[in-house]
Amino acid sequence: MNAAGFPILSLVTFLPLAGAFIILMVRGEDEVVARNARWTALWTSLITLALSLILWARFDPSTADFQFVERVAWLPEFGVNYHMGVDGISVLFVLLSTLLTPLCILASWESVQTRVRDYMVAFLVLESMMVGMFCALDFVVFYIFFEAVLIPMFLIIGVWGGARRVYAAFKFFLYTLAGSLLMLLAILAVWYYAGTTDIPTLMATAFPPAMQFWLFLAFFVSFAVKVPMWPVHTWLPDAHVEAPTAGSVILAGVLLKMGAYGFVRFSLPMLPHASADFAPLIFALSVVAVVYTSLVALAQEDMKKLIAYSSVAHMGIVTLGIFTFTQQGLSGALFTMLSHGVVSGALFLCVGVLYDRVHSREIARYGGVAKIMPAYALIFMLFTMASVALPGTAGFPGELLVIVGAFKVNPWVAFGAALGMILGAAYMLYLYRRVAFGKITRDDLRALLDLSPREYAVFAPLILLTLWMGVYPSSFLNFFEASVANLIAQHEAALSAARLAGM
Amino acid sequence: MYVGAIFFPLLGATLAGFFGRWLGDKASQWVTVACMVLAAACGIGAFVEVALNGAPGVVPIVTFIDVGGFEVSWALRYDTLSVVMVAMVTFISTLIHLYSVGYMSHDATIPRFFAYLSLFTFMMLMLVTADNLVQLFFGWEGVGLASYLLIGYWYERESANRAAMKAFIVNRVGDLFFMLGLALTFWTFQSVEFDAIFAGVPAARQVTFLGMPALEVIGVLLFLGACGKSAQLGLHTWLPDAMEGPTPVSALIHAATMVTAGVFLMARMSPVMEYAPVALAIVTIVGASTAIFAATIGCVQNDIKRIIAYSTCSQLGYMFFAAGVGVYQAAIFHLFTHAFFKALLFLGAGSVIHAMSDEQDIRRMGGIWKKIPITYAVMWIGSLALAGVPLFAGYYSKDMVLEVAYAAHSGPGAYAFAMGLLAAFLTAFYSWRLIILTFHGAPRADHHVMEHVHESPPVMLIPLLVLAAGAIVTGYLFYPLFVGDQQEAFWNGAIHTAAHNHVLHHAHEVPEWVPLAPTVVGVAGIALAYILYMFAPGIPGQLAARFNGVYRFLLNKWYFDELYDAIFVRPAQYLARAFWKTGDARLIDGVPNGAAALAVDVARGAARIQTGRVANYAFTMIIGLVLFVTLLLYGAR
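Residue numbers (this note's numbering), protein chains in the order written: chain D, 1 to 503; chain F, 1 to 637.
Treat the hints as calculated values from the structure; they're not laboratory data. Among the clues, some could well be false.
One side only, chain F facing chain D, incomplete, derived with CB under 7 Å [as the list claims (entries may be wrong)]:
(1) 71
(2) 154
(3) 155
(4) 165
(5) 187
(6) 588
(7) 590
(8) 591
Don't be surprised by glycine CBs; every beta carbon is placed ideally from N, CA and C.
Assemble the whole structure, with the sequences as input and the hints as a guide.
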């Protein structure tokens with residue numbers, strides 16, 4: 001049935017859910033429940049991670065086909081199946097999700113003390129939904145996972161968040177839900193036209209151009225909110241600021257990738273004409289996102305808000321790369337998504353380290369941290385540099401490829417995207433300077449302890465990945481090489497077919 | 001050997017950086033020094049093997065990126081050009097490491113300093129041995145990072161942090177153009193590997209980009225990138241501020257390594273640049289303008305390191321216009337000799353600062369030459385070489401640079417020659433202004449400082465003496481190889497000279513007054529400095545008062561910082577706040593927040609209808625029933 005010999009994708013998807021169920025069963029004193037919940041959650045997510053590594057080992061990067069496919073009839077009379085599978089585009093995102101979850105649980109080990117059980121349940125459910133979303137090969141299944149992700153995230157922000165958590169949670173929920181409703185309409189239209197919701201079938205279906213236009217718009221709204229693209233990005237800074245550290249990590253690491261993933265998975269292959277027609281709009285919005293949000297990041301006084309705005313700028317690079325329809329641009333976009341998942345997740349963890357000690361996100365509250373926390377300062381520097389896309393770190397290959405790809409389409413767009421290089425350096429170094437450098441002016445900072453072994457354990461895999469992706473990106477690029485090449489080829493074939501038909 | 005020259009510094013950096021805490025100060029500094037000595041041995045060995053015995057090669061390591069024809073590998077390219085740089089960088093960096101052992105002995109975090117220093121060296125070596133533009137960019141950005149760390153080494157000082165950030169960001173401006181140049185190179189040549197690019201030049205000459213020849217655009221973009229690293233006019237503002245770093249750092253950044261990266265890039269891309277005449281003309285003009293511009297500022301500065309920094313900026317201008325007229329050999333030759341005497345000057349200045357208890361203002365020095373005779377002597381040697389006095393290293397290379405500018409017989413060439421000559425005069429003048437104010441006259445420091453004036457320890461003096469020897473002999477020794485009659489065999493194709501380019505040949509046949517002129521103006525500059533500062537010390541003050549406008553203009557560095565602050569920094573800050581407070585908070589968030597407020601209002605209204613009185617409900621129901629029946633009846637008819 002598939003390369004693993006057993007339904008591995010379903011297992012990876014639903015194992016965390018089973019873990020969540022077990023945690024719910026735990027009864028007893030609060031202390032005991034909390035401890036059991038933590039350990040159960042950690043072990044569940046670690047086992048899930050170990051299982052998902054089979055995907056890494058067994059995945060065949062030489063083909064663009066879907067692999068590890070599972071297919072069970074669900075609502076056969078409506079053409080809806082439970083259909084799972086991964087290709088080069090999605091497999092690494094599954095791994096990203098399964099990697100970040102245990103780190104998040106570990107990062108919340110001490111910082112979350114209230115309602116620990118519910119917190120761990122929320123994270124495991126979230127993991128389930130994320131993985132399911134990246135594996136889904138049926139539109140209905142996809143939609144369910146896509147929407148279900150919102151619920152645990154909404155709770156994580158709303159229950160364990162900061163002072164304005166309710167405002168932020170609702171803003172987050174309403175923004176994304178508004179977009180999703182349009183997507184539901186689009187899915188209905190697609191199903192009505194094609195009679196199936198099977199994604200591989202739909203990819204091969206040629207929709208009439210007029211319909212593509214409307215479908216694209218509906219998808220676009222939904223995905224653009226998730227990315228988030230300018231000007232529907234304002235939910236993100238609020239959500240990040242209020243979310244607990246681990247929530248921010250998942251939000252930046254995985255949830256932001258859902259929108260861009262949607263573009264790559266649906267908009268591009270299913271709606272090639274509309275994609276091509278809308279590309280200039282996307283370019284414009286992306287370049288605005290890069291320049292505008294980078295500038296806004298420069299003015300921030302809250303560490304998390306600054307990094308949140310930088311995420312919007314990075315996602316601008318991603319959307320730009322996707323719509324260049326070049327192999328370099330698309331590969332670069334996917335690589336940037338992965339690297340941003342690792343790097344911005346790590347940056348939020350860096351903020352979390354300080355927040356756990358001082359309970360403030362205000363930049364002005366810090367200064368001179370490098371003196372007392374040298375190991376932390378070094379790690380923070382590494383991720384800062386990765387965020388500004390220094391060659392040798394994870395941020396660089398993606399940005400390079402996107403700029404190269406964009407340059408072919410339009411040099412001025414490439415120039416606009418490259419402006420992010422300067423502004424990115426400006427806001428990140430400004431942040432670093434204000435937090436880590438300078439003289440220590442506050443006495444309570446002098447007493448801070450450097451990283452604990454647990455924190456080292458959280459950062460170690462991320463450090464490793466950041467350097468690995470920077471020095472030897474091929475091992476990741478190889479995964480999506482074939483899929484991307486196939487996608488581009490199909491896109492060009494569809495466009496040229498239309499051009500012939502038009503002649 | 002080839003790999004060792006590059007990776008020993010990385011090894012040293014890793015050991016000192018990550019294990020410094022366990023190794024201790026002494027062990028980690030000597031470990032890095034030992035690694036550097038090994039690297040230098042390998043580097044010089046490679047120089048003998050590749051340049052002198054003529055055996056270039058490429059050491060492949062591993063594939064970096066391979067996406068849709070965009071292929072990049074990690075590889076070490078060893079040809080004469082890179083090996084000259086490798087030998088020079090490792091050699092000078094070793095001396096600077098050694099010197100730092102003494103200079104930084106009172107520092108609190110010695111392992112960190114040596115780790116940065118070695119990391120910097122490694123990045124520079126990656127840059128010069130790159131086999132493709134992306135790897136070059138890796139080194140390019142790597143030295144940017146290392147310089148950021150080193151300039152901001154004393155991170156408790158606000159000014160150091162500011163300078164470090166400025167260096168990184170200004171460099172990034174150049175990098176943006178480099179990146180675009182790289183992208184255009186790929187789409188023009190379908191490759192970023194040097195061999196493929198150079199082979200594709202004839203075909204690419206026909207390619208146009210936005211209506212301009214693609215090669216010209218590539219040339220200009222890469223040059224703009226080089227401007228950032230090499231502090232050419234417009235993007236030079238970071239260099240003087242970079243003096244915030246410890247003095248050995250200044251020596252490393254401003255002499256041997258980072259700032260020469262731009263010149264190196266021009267030479268490396270010579271097969272492309274040769275067919276981009278407009279780009280070359282721009283290079284020439286900008287280089288010549290930088291040479292004179294920086295020299296004018298150098299004449300009025302009072303910080304000993306800043307004076308030398310501006311002289312670096314000026315000398316880089318020489319290198320660029322030499323490359324601009326198509327004689328990359330001369331540019332690299334000047335780069336090579338300059339590395340020795342400029343490292344010497346910086347380290348000498350460091351020795352002075354060390355002796356003067358960290359005083360850097362030359363107005364508060366003077367009268368110390370008898371107390372630190374060796375430093376005094378090496379500063380003389382460095383200045384003689386810088387001024388281009390015959391028999392010293394700078395004489396050979398600077399003369400060559402000016403001769404090729406003259407021999408170019410072009411408008412930009414003539415401009416470069418004139419500016420270069422004028423700058424040579426100013427160079428000699430400010431060098432001796434520095435020497436006289438620093439060492440001669442009545443002591444202007446307070447007696448505490450004067451009592452402590454002492455010669456540096458041997459670990460600092462030995463590098464100075466070695467560099468002094470280099471500043472004397474390198475010009476004479478290497479002249480025949482770099483630009484003389486053996487140059488073709490020496491370069492062995494590493495630098496491309498187009499068939500139409502005979503400038504180097506003509507340069508050996510210029511009229512007799514041309515080679516003589518730099519010496520004459522140099523001596524005149526020295527003489528003027530003696531008159532103004534030794535014999536009639538009142539005159540400079542009067543001049544400054546008389547031409548106050550000019551003086552202030554020069555003292556404030558042509559107001560570049562103020563200009564950039566007004567046109568870039570402030571608007572960016574303003575826009576940042578405007579976008580955030582107005583754009584995001586009011587306009588964009590206004591919509592959902594407004595919608596939410598509206599929904600709340602509507603809901604309140606709806607809630608008000610629910611009064612709880614049965615009569616109201618009954619009345620509403622009857623009205624509804626009436627309406628409904630009416631509609632039904634109308635519909636039926």
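Hints versus structure:
1. The restraint placing residue 71(F) at the interface with chain D is violated, with a minimum CB-CB distance near 10 Å, outside the 7 Å limit.
2. Annotation: interface hint on residue 154(F) violated; nearest CB of chain D at approximately 10 Å, more than 7 Å.
3. Interface restraint check: residue 155(F) against chain D, minimum CB-CB distance 4 Å, threshold 7 Å, status holds.
4. The interface hint given for residue 165(F) is met, as the beta carbon of that residue sits about 5 Å from the closest beta carbon of chain D, less than 7 Å.
5. Given hint, residue 187(F) at the interface with chain D, holds; its Cβ is 5 Å from that chain's nearest Cβ, closer than 7 Å.
6. Restraint check, residue 588(F) versus chain D: the minimum CB separation of about 5 Å is within 7 Å; hint holds.
7. For residue 590(F), the shortest C-beta to C-beta distance to chain D is roughly 10 Å, which exceeds 7 Å, and the interface hint is violated.
8. Because the beta carbon of residue 591(F) sits about 9 Å from the nearest beta carbon in chain D, more than 7 Å, this interface hint is broken.
Violated hints for the displayed structure, listed by number in ascending order: 1, 2, 7, 8.
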